[in-house]
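Visitor: In the order they appear, the protein sequences are chains A and B.
Just so we're aligned, residue 80 is where the first sequence starts under my numbering, counting upward by one.
Just so we're aligned, residue 2 is where the second sequence starts under my numbering, counting upward by one.
These aren't lab readings, by the way, just hints derived from the structure by calculation.
Wrong hints could be hidden among the right ones.
[To be verified] Negatives, chain B to chain A, calculated, CB over 12 Å:
(1) Glu12
(2) Glu17
(3) Pro37
(4) Val38
(5) His67
(6) Asp71
(7) Ala92
(8) Met93
(9) Ser117
(10) Gly149
(11) Pro181
(12) Ala219
(13) Trp246
(14) Pro249
(15) Arg282
[To be verified] Some chain B residues close to chain A (C-beta under 8 Å, calculated; not the full set):
(16) Ala136
(17) Arg265
(18) Gly266
(19) Ser268
(20) Leu297
(21) Arg314
(22) Tyr319
(23) Thr336
[What the hints assert, rightly or not] Far from chain B, by Cβ distances over 10 Å, these chain A residues were calculated:
(24) Ala237
(25) Val299
(26) Asp329
(27) Gly339
These figures come from a predicted structure and were not determined experimentally.
Quick reminder that beta carbons are idealized off the backbone N, C-alpha and C, glycines included.
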Amino acid sequence: MTRAVLVAAVLALVAVLAAALYRQRRRAAGLQAQLDAAASELQHLQEACSRLAPAGVVQRLVADGARATPEVAAERKVVTALFADLVGYTAMSERLEPAVLARVINGYFQRMSDAVHEHRGHVSTFLGDGILAYFGALQPNPWQCDDAVRAALAMRAAMRDYNVELAGEGLPALSVGIGIHRGPGLAGLVGSRERMEYAFVGRTVNLAARVQALTRVHKVDILVTEALRPELDGCFVLDPMPAEMVKGVDEPVVTYAVRGTQGPVAPSR
Amino acid sequence: MASTLERVPWEACVLEPHRDPALESYVKKRTGMSSPVIGYFAPAPWLAKALVDLHPEYGLLLRLDHELKDLVQLVVCQENSCRFCYAAVRAMLWAQGMSRERIQRIEGDLTRADLSPRVQAAIAFGRSQSRTGPAGARGAREALTKAGFDDDEMRELAFAVALTDFSNRAHTIAAVPTRPIERIPDALLTRLLRPWINRLVRRNRYRGRATPLQRAPAPPYAGLVQAYAGSPIAPTIAGALDGMWASPHLTRRCKLLMLAVIGRGLSCGACAPELREALRRDGLAEATLDQVLTHLDAPELDPLERLLVPFARETIWYEPAPIQRRARALRERLTGPQLLEAIGVAALGNGLCRLGAVVRDPA
Numbered sequence: 080m081t082r083a084v085l086v087a088a089v090l091a092l093v094a095v096l097a098a099a100l101y102r103q104r105r106r107a108a109g110l111q112a113q114l115d116a117a118a119s120e121l122q123h124l125q126e127a128c129s130r131l132a133p134a135g136v137v138q139r140l141v142a143d144g145a146r147a148t149p150e151v152a153a154e155r156k157v158v159t160a161l162f163a164d165l166v167g168y169t170a171m172s173e174r175l176e177p178a179v180l181a182r183v184i185n186g187y188f189q190r191m192s193d194a195v196h197e198h199r200g201h202v203s204t205f206l207g208d209g210i211l212a213y214f215g216a217l218q219p220n221p222w223q224c225d226d227a228v229r230a231a232l233a234m235r236a237a238m239r240d241y242n243v244e245l246a247g248e249g250l251p252a253l254s255v256g257i258g259i260h261r262g263p264g265l266a267g268l269v270g271s272r273e274r275m276e277y278a279f280v281g282r283t284v285n286l287a288a289r290v291q292a293l294t295r296v297h298k299v300d301i302l303v304t305e306a307l308r309p310e311l312d313g314c315f316v317l318d319p320m321p322a323e324m325v326k327g328v329d330e331p332v333v334t335y336a337v338r339g340t341q342g343p344v345a346p347s348r
Numbered sequence: 002m003a004s005t006l007e008r009v010p011w012e013a014c015v016l017e018p019h020r021d022p023a024l025e026s027y028v029k030k031r032t033g034m035s036s037p038v039i040g041y042f043a044p045a046p047w048l049a050k051a052l053v054d055l056h057p058e059y060g061l062l063l064r065l066d067h068e069l070k071d072l073v074q075l076v077v078c079q080e081n082s083c084r085f086c087y088a089a090v091r092a093m094l095w096a097q098g099m100s101r102e103r104i105q106r107i108e109g110d111l112t113r114a115d116l117s118p119r120v121q122a123a124i125a126f127g128r129s130q131s132r133t134g135p136a137g138a139r140g141a142r143e144a145l146t147k148a149g150f151d152d153d154e155m156r157e158l159a160f161a162v163a164l165t166d167f168s169n170r171a172h173t174i175a176a177v178p179t180r181p182i183e184r185i186p187d188a189l190l191t192r193l194l195r196p197w198i199n200r201l202v203r204r205n206r207y208r209g210r211a212t213p214l215q216r217a218p219a220p221p222y223a224g225l226v227q228a229y230a231g232s233p234i235a236p237t238i239a240g241a242l243d244g245m246w247a248s249p250h251l252t253r254r255c256k257l258l259m260l261a262v263i264g265r266g267l268s269c270g271a272c273a274p275e276l277r278e279a280l281r282r283d284g285l286a287e288a289t290l291d292q293v294l295t296h297l298d299a300p301e302l303d304p305l306e307r308l309l310v311p312f313a314r315e316t317i318w319y320e321p322a323p324i325q326r327r328a329r330a331l332r333e334r335l336t337g338p339q340l341l342e343a344i345g346v347a348a349l350g351n352g353l354c355r356l357g358a359v360v361r362d363p364a
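Work out the full structure, taking the sequences as your base and the hints as a guide.
Guide: This is the structure in structure tokens:
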């Protein structure tokens, strides 16, 4: 009798232990699955970050982990900045229904961004109806000036096609002004604790925006500065514009209107 | 054992596989195994042979640990989003007994604690070279020195990274089918045969022996080959280059132009001057050369060169699906062997430049 009780007790103990082991294993498997999912998520995040900031910056921040500070990854570099802005947006925004306006503006942003990406640029930010893009910021790019001007020409062509679509829907045509300037600046992650972005800070960006504003003065759609001109392929047709004073710059700014290309067909992707 | 890379968009292969019994037996003799994809590269035998001969697995490494080399190759493939090579290295690690969990941890780069500082430094070097190219070489080298790597080990590590960059581009741009190799660790048969595959892999990989250079290397890339003098890597790179120059599908000038563009794009101080000099010797006027390197085009180029110069630039930084679509578009204007040779030249140029950046200014 005693022996039977003992065996039963041992069996019960074994059963309890087995159940506990089973539960632990299931828990461990669950935790492993969560860890795998987190690892996968982190990997995706890291890949996504690599598209928003130079790989080297992401790498340094990831490598430093909790000790990482954005300041460590800041660097000086020469970049080509392209600033594009819709002409007549304010007037149009007052005439269209919000839903229609949002669709029109999103279509515009998409087409312009595609043109920038197609030519190895990086859209840094949308400022109202404006677009700020960089060439040579994420990866070294010795062909950044040609790329930026080709992107601007692609934006012009995309805008033409988009206007045909808009006209088909009875919507007003859009037009865009584009300013391009090349120069040095500070590239890195900037912002507040709550919101950071990879940005290029300095006079180069400001001047690109000012040059964009000059497109209205000169009644052209694409303007490049003197800093770009010697770097550009001879296939681009450039017209010199009268020098103009702009805010924040002591000397008059010399610009060139980009008419198109001539001679050999420019390399395309 | 699904990986995050399996979600990377991958186009249909741009090449047709060809049976080449001589090439197949060459591969089997060199590696002890047959390759299911070597037929895709058969129309450019120099490229097919380079992919085998330059593989660090087979008699090229004197010092570097093979497992460390495998781990570095894994992260380089991950950085380059090469689904094919990544699956191949992953399958190799799995076959050798590494658990799926450990492989996934290394991929996720999450639990650094179970990797020694030496392994971490090597992995960081691989990532750095793939992501930032030669521009990040100096910092990466310093980190390796701190982690205790000597110059010989560093050179072999740089070679493993460069070879992987080469292989990644060759397989990615051609969009070599990935599914069969991605399925290897999950197939019942390979799971059952895992111990045997492990033995086979270990039996076929072998260390190299010091090998003197038989002749002074010819430019371009002479400095780079010379930097590996004494290692079996030097004559192997020289042999791959000889094969590339001798291949008839693209002209020597076209190859040089492609390589020079890649050298400029990566700011390769070791390769770019030699390539420039070679083009000058080939009769290209200085002004034309400047025009090509600055604007990727010149009226003096022939139609094939005008297609392939911008293509070479696109192989420096890329995402798989767009570069594969670009290669498909080229396929309509080139013969199959021409396209394959162009892919091979671009891939080799990218690999060599990344190597050159490390060799140029030894730590």
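Visitor: Each of the hints needs a verdict: does it hold here or not?
Guide: Verification of the hints:
no. : hint   : in the structure
1   : Glu12  : holds, 15 Å
2   : Glu17  : holds, 25 Å
3   : Pro37  : holds, 28 Å
4   : Val38  : holds, 26 Å
5   : His67  : holds, 25 Å
6   : Asp71  : holds, 19 Å
7   : Ala92  : holds, 19 Å
8   : Met93  : holds, 20 Å
9   : Ser117 : holds, 16 Å
10  : Gly149 : holds, 18 Å
11  : Pro181 : holds, 23 Å
12  : Ala219 : holds, 27 Å
13  : Trp246 : holds, 25 Å
14  : Pro249 : holds, 25 Å
15  : Arg282 : holds, 23 Å
16  : Ala136 : holds, 6 Å
17  : Arg265 : holds, 6 Å
18  : Gly266 : holds, 7 Å
19  : Ser268 : holds, 6 Å
20  : Leu297 : holds, 5 Å
21  : Arg314 : holds, 7 Å
22  : Tyr319 : violated, 10 Å
23  : Thr336 : violated, 21 Å
24  : Ala237 : holds, 18 Å
25  : Val299 : holds, 23 Å
26  : Asp329 : holds, 31 Å
27  : Gly339 : holds, 16 Å
When each numbered hint is compared with the structure, violations occur for hints 22 and 23.
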